[in-house]
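K.L.:
Protein chains in written order, with this note's numbering: chain A, 1 to 258; chain B, 1 to 437.
Everything labelled a hint here was simulated from the structure, so no lab data went into it. Virtual Cβ for every residue (Gly too), placed ideally from N, Cα, C. There could be a bad hint or two in this list.
[Claimed, not checked] Sample of chain A residues facing chain B (criterion: CB under 7 Å; computed from the structure):
hint, residue
1, Phe74
2, Tyr90
3, Asn91
4, Tyr153
5, Ile206
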Amino acid sequence: MNELQVKTMAEFMADGKSADVLFWVGSAGSFDDRAKKITRAFVQILNKANVNFGVLGSEESSSGDAAKRAGNEFLFQMQAMINIEIMNGYNVKRIVTTCPHSFNTLKNEYKGLGGDYKVQHHTEFITELLAEGKLKLTGKLKGTKVTYHDPCYLGRANNIYDMPRELIKSLGVELVEMKRSKRKSFCCGAGGAQMFKEPENGAQDININRTEEALALKPDIIATGCPFCNTMMTDGVKAVNEGAAQVKDIAELIAENL
Amino acid sequence: MGISNIIFLIVFAIAISFFIRNLKRIIENIKLGRNINRSDRATDRWKNMLRVAIGQSKMTRRPIAGILHIILYLGFIIINIEVIEILVDGIFGTHRFLASILPLKLYNFLIGSFEILAILVLVACIIFLVRRNIVRIKRFWSKEMTAWPRTDANLILVFEILLMSAFLIMNAADSLLIAAGAEHYTTSFSTPISQYFQFFFSGLETSTLVLIERFTWWFHIIGILGFMNYVLISKHLHIFFAFPSTYFANLNPLGQFTNLESVTNEVKLMMDPNADPYASPPTTAPVAESFGAKDATDLNWVQLLNAYSCTECGRCTDNCPANHTGKLLSPRKIMMDTRDRITEIAVNKRKGKEDTKSLLGDYITTEELWACTSCNACTDACPIELDPLSIIMDMRRYLVMEQSAAPTELNMMFTNVENNGAPWQFPAADRLNWKDE
């Protein structure tokens with residue numbers, strides 16, 4: 001693995017410097033083995049584009065999204081206030097994150113608790129880097145068939161549908177759409193804290209239903225932009241037809257084609 | 001003023017007073033909800049109402065139902081201009097009053113468009129009945145669509161078919177009477193549709209035609225007055241409440257959930273190093289509300305207004321991933337349960353009856369609540385921007401913060417977040433390990 005250049009906000013402060021943007025890694029991006037690869041891929045992109053970014057490292061704590069959606073508003077607000085205190089302490093103005101759940105919470109819900117930041121999802125951030133000419137993409141993936149699964153907290157929750165698609169298309173691949181896409185997209189089954197519990201009794205698991213829809217298009221790659229969607233779709237592919245398609249984050253697709 | 005005018009006035013007065021009384025009751029029921037401030041951003045709210053309710057912007061996402069609905073909606077609004085004429089004629093004993101004050105061309109244009117809309121509405125209602133009862137579209141037959149909700153929907157459609165038929169038959173009889181030179185029937189008007197109905201009545205005696213014309217006239221107006229009152233006890237209330245519901249809708253991004261203010265105050269106190277933990281609460285403090293919602297009265301008034309606005313179309317449930325994969329949760333049922341429960345609370349209150357039930361448990365089970373992925377498919381699908389998700393979340397809040405009744409795995413997740421700041425059991429010190437892996 002190539003060496004990643006990562007500095008914490010504390011190190012920036014010790015050097016008397018400041019970062020232009022905070023990369024909010026999120027709990028999944030920090031601890032989940034699959035999600036960590038997405039984190040590394042995104043940092044490769046940031047390094048390649050020479051972005052002056054910092055992370056919170058051990059000072060980062062759960063955004064509180066899962067706690068809030070599970071009904072534990074106390075825990076959410078405790079987490080939010082702890083995080084806000086730390087970020088305001090570092091005078092953070094701009095945040096980028098690879099997790100749509102952190103993205104949504106930090107962007108929309110921290111505002112009312114004293115944390116007002118410009119928050120971007122990594123697909124927005126990468127789009128800007130490309131537009132500024134800071135990244136050049138190779139056409140290695142030309143001829144591959146990719147379908148994109150909209151994360152609910154990026155799509156319906158925050159109306160970001162086109163940017164991830166444009167990024168995928170910029171790789172020169174063939175983008176095929178599921179019938180249920182964009183605002184009609186079907187959840188992967190992980191939101192609302194479902195990630196941390198067994199599903200209720202039913203006829204089918206939600207991620208299986210969604211994976212079947214995706215695999216029906218016979219894609220080489222199922223792309224998404226959320227570590228939880230990634231887990232659900234990866235598990236789905238394993239259960240439905242192992243090896244039929246790869247599940248990849250857009251950050252990984254970009255990082256592999258720099 | 002003849003006897004028929006007096007009868008008309010009495011019928012009209014009774015219908016209107018019943019309507020006002022019952023509408024007031026529903027508004028009182030809605031006011032049983034908690035307070036929420038939705039008086040901000042007035043311009044955006046008007047725009048939202050214009051676009052979504054008046055402009056029907058979300059209906060056409062399902063083109064067949066959407067277009068048929070727009071026909072019904074336009075028909076409903078435009079044909080009701082005719083009601084003005086009926087009212088004046090009814091009260092003052094005139095005949096086709098509007099013709100006496102409008103230019104003939106305009107009057108003909110109006111009646112002509114009413115007739116065309118009437119036949120379109122009639123056809124749309126028949127197609128809707130076919131969709132519900134013969135094609136049996138799935139969302140009209142799911143579990144919560146028990147006998148009454150299904151009958152309710154059919155009754156409304158039959159009602160509208162009868163009203164439209166009465167209107168067209170009335171015009172057909174009227175124009176035949178004009179042709180026959182009958183007394184009083186002297187105002188000719190255009191009959192683009194009703195001329196084809198004349199066939200059924202040709203050759204009838206003038207007196208019979210008068211009888212038909214008068215019967216359909218009375219049927220039409222009494223039907224409308226009755227329908228207006230029926231709407232208040234039916235799912236059809238959306239014809240009035242879609243407007244306030246879209247005006248008071250949540251204008252924030254769908255992903256943004258409310259931050260409970262009562263919690264903020266407590267958290268701030270907990271985190272304030274200067275706070276005195278032994279201080280007695282200020283005597284002026286308002287009575288503490290429970291966290292979240294156990295019963296319909298714990299919900300806010302917008303949620304209750306939403307519940308009365310729901311017309312049970314089932315688009316929310318049809319798009320719900322949990323429902324789609326056979327879980328118990330149905331967002332439509334959440335809305336219906338909320339409406340039924342707040343009505344029950346209000347009725348019991350008025351009768352002074354003891355009430356031991358609650359929305360949570362007696363209507364909505366925890367299994368339904370925990371099946372939600374908060375994906376916002378329901379709120380996005382709703383043609384009038386009702387918000388079942390906020391009700392689900394408020395009930396989860398009650399379960400967790402008042403009853404500590406989350407599923408075991410979620411309690412473990414909470415403990416992890418509390419202890420090590422992540423939903424999994426990893427120490428914060430390891431947060432940067434990915435860097436060197």
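K.L.:
All the hints need checking, so say for each whether the structure fits it.
P.N.:
Going through the hints against the structure:
With its C-beta approaching chain B no nearer than about 6 Å, phenylalanine 74/A sits inside the 7 Å limit, and its interface hint holds. Annotation: interface hint on tyrosine 90/A violated; nearest CB of chain B at approximately 16 Å, more than 7 Å. Below 7 Å, beta-carbon pairs count as interface contacts, and asparagine 91/A has none with chain B, the closest being about 20 Å; its hint is therefore violated. Annotation: interface hint on tyrosine 153/A holds; nearest CB of chain B at approximately 5 Å, less than 7 Å.
Evaluation of the isoleucine 206/A hint against chain B yields a held restraint, the C-beta minimum of about 5 Å falling below 7 Å.
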